[in-house]
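Start from chain E and add chain A according to the hints.
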Amino acid sequence: MGRAVIELDKVGKCYRLGEHHGSGTDLRETLARLGGSMIGRSRPSTREIWALRDVSLTVAEGQALGIIGANGAGKSTLLKVIGGITTPTVGRSRTRGRVGSLIEVGTGFHDELTGLENTYLNGAILGMSRRDVSDRLDEIVEFAGLEGFMETPVKRYSSGMYLRLGFSIAAHMDAEILVVDEVLAVGDAEFQRRCLAKMSEIEHSGRTILFVSHNMDAMAKLCQTTVWIDRGRIRLAGPTRSIIDAYLASGTTPTNDHRFGLDPSAAAQITEVALVGADGRPRSTLHSGSSAWLQVDLVVNDSIPELDLAFIVSTRSGVDLFDEGLADTGCHDISTPGVYRVRAHVPDLLAPGEYVISLWLGTQLEDFAKHEHVLAFTVDGDVVDRPRRRIRLGTEWETSQKGDSGTTP
Amino acid sequence: MTGIRPSRPGAEGVGWIDNSASTSRLPPLNLREVWSNRELIRFFAIRDIKVRYKQAFLGIAWAGLRPLLGALTFTLVFNRIATIDVGGRSYFAFALVGFSAWTYFSTAITTGTTSLVANADLLTKVAFPKVVAPASSLIPPMIDLTVGATLAMVVAVAVGDGLSAAGLLVGLPLGVVLLVVAAAGPISFFSAAVVKYRDAAEVVGFGLYLLLFISPIAYPPELLSDHWQTILHLNPLAGALGLLRSGLTGSDLPGAHHVALSALTAGVFFFVGLLHFRRHEHEFADIV
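Protein sequences, first through last, are from chains E and A.
One point on numbering: in this note's numbering, the residue at position 355 of the first sequence is 501, and numbering is uninterrupted.
One point on numbering: in this note's numbering, the residue at position 218 of the second sequence is 343, and numbering is uninterrupted.
Chain E on its own, in the form it takes in the complex (with noise of 0.2 Å):
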């Protein structure tokens, strides 16, 4: 094992909730605070939330380390110290070399200029001198397979051609640690599988990789060893494979009911979400021919017209099976301010096994609300019988017969 690149002192990261956190807050809510505080009256209490707390963890050069855990549970905040994006409250995160991070795939990006100003400009901000890009143009434009099309402004790219190019600037700088969040989630089989080559390869040159995924596979491919996050804290760290199987048997992932805390400033957001039965009651179980409903509640306090909701059905492993909007069917009901409460019907094709469900809320400019594997579900019956089978279709089958045997057409 080579030397130290990244070494974590009992990290912890706090955050103040309620005072400025998400939008900012303005200046006479301060002063009224001050106000208040001046005459005797108590503050409006602040809460603070440690996404990080007591994370003890040191990587060797070339190593490609896992990170998995359920939403919320810190992955991303811990990506965040490592890339140097935020600093750590308490304890000691240092770093040796440069840190190229893939948090987010195309940040930066200007819809306005061409394929090939984004990249001179991503690159730029990703560290990467004008040279630097110059000489792995032809790569970068090659890996996107974006050959013809880098005279283009960007915002008449495809979201798979955006990122494409996003992923492929970013995989051609040369740090020599990589952090990347969850950029398998986006992007069609194929480029899941050429990203998935390019981090490998990335790997085998030496390089170090943090990679945060759910999906599962992907993480048991790619990485030897692999740390799991649980509400801030390690929880175990050790063989890839060994954590999986410990971190989808723990049950501490999604429950079939789930209510999100509520954010007065927000534009839209869910507040709550269930799977229920067809009498209403939360189901964590399906049976194959009966009928269940995903419940969504939401709040909506501006008028967006164009609001969608969508679901993904997932499987444990990672696999994305369905994704489902409102507006698939033609349905903007949800555009003006009210509470709604958005049923969708689940439909009876799931093969027995473990599923999760993930939701979404915004429009095509915004995300409102996006939440990753919230719900779990088990179809039950038998898995043994069709390892492979994930949807049953029911397909129709026909057949007849063409003549004896023995007798050749």
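There's no promise every hint is true.
As the list claims (entries may be wrong) - Far from chain A by the CB rule (all over 10 Å, computed), these chain E residues:
#1 ARG240
#2 PHE406
#3 TRP439
Said to hold, decoys possible - Subject to a maximum C-alpha distance of 20 Å in a straight line, what follows is the list of computed SDA-like cross-link-like pairs (lysine to any residue):
#4 A/LYS179 / E/LEU283
#5 E/LYS301 / A/LYS321
#6 A/LYS179 / E/THR260
#7 A/LYS175 / E/LEU382
#8 E/LYS344 / E/LEU283
#9 E/LYS301 / A/VAL176
#10 E/LYS156 / A/ALA181
#11 A/LYS175 / E/GLY252
#12 E/LYS301 / A/SER145
#13 A/LYS175 / E/THR298
#14 A/LYS321 / E/SER411
#15 E/LYS301 / E/GLY291
#16 A/LYS321 / E/VAL445
#17 A/LYS179 / E/LYS156
#18 A/LYS175 / E/ILE195
#19 E/LYS516 / A/ASP246
#20 E/LYS301 / A/THR148
#21 A/LYS175 / E/LYS156
#22 E/LYS156 / A/SER145
#23 E/LYS301 / E/GLU258
#24 A/LYS175 / E/PRO299
None of these hints come from the bench; they were simulated from the model.
Cβ atoms here follow ideal geometry from the backbone N, Cα and C, with glycine treated the same way.
Chain A only, in chain E's frame:
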């Protein structure tokens, strides 16, 4: 400071880099960070320039039209109606400098103030030197300033006022530096303030509105008594405008004590502004 990325190429791979928040009340101003990231600053500036002119019908012609129309209005109102005299020289050239410098100053401060929140996605997702965003907002309005300044020189020569060597060699460069430093101070301060308090941008808008009246843009400082001229030069724009006019319209160089006073105020604002920025930059990603 949060710079986990060594800003100089060649520094990589040697030793450990600590990612820790500065807790000092007097952190280093780290002007070197600005210089070593000049390429990124230039990229940001080019992006903003390209985006601004990309889908504009008149494109770059705006840079010339704005000061011309502005100075024409000034001439009509202050020179023809209010009959303000600028020592027998062309009022139109005088107003062109005033209008162009003001446009530079107010545009740089307005865009600079919101430069960090406009790049909020970068702040929260990429480790990059944050000072780059406000610093880059000083560059795009240079285009308008250059065009306006050239027009002023053309007018000054055309009407026979002529140009002075001292003004061109001393007044012009000093004037540009003073103008940029005068803008950089408030930009550093307010870009950081807006991350925490969005309505700090309102303060900036109103402040600029008031400053317009106490800056010698449409009137010469000589209109005031000696005593009031000195007070006027506490405004860094007064010194910058005097220096720029000596270079662009051939007027006399402003008094050294006036320039020194303006430079002192600009310097103090710059120091305080950048200090405020450095004290808060480690929390930008958490609160933006």
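(request) Could you check the structure against the hints above and give me the numbers of any it violates, in ascending order? (result) 1, 4, 5, 7, 10, 12, 16, 17, 18, 20, 21
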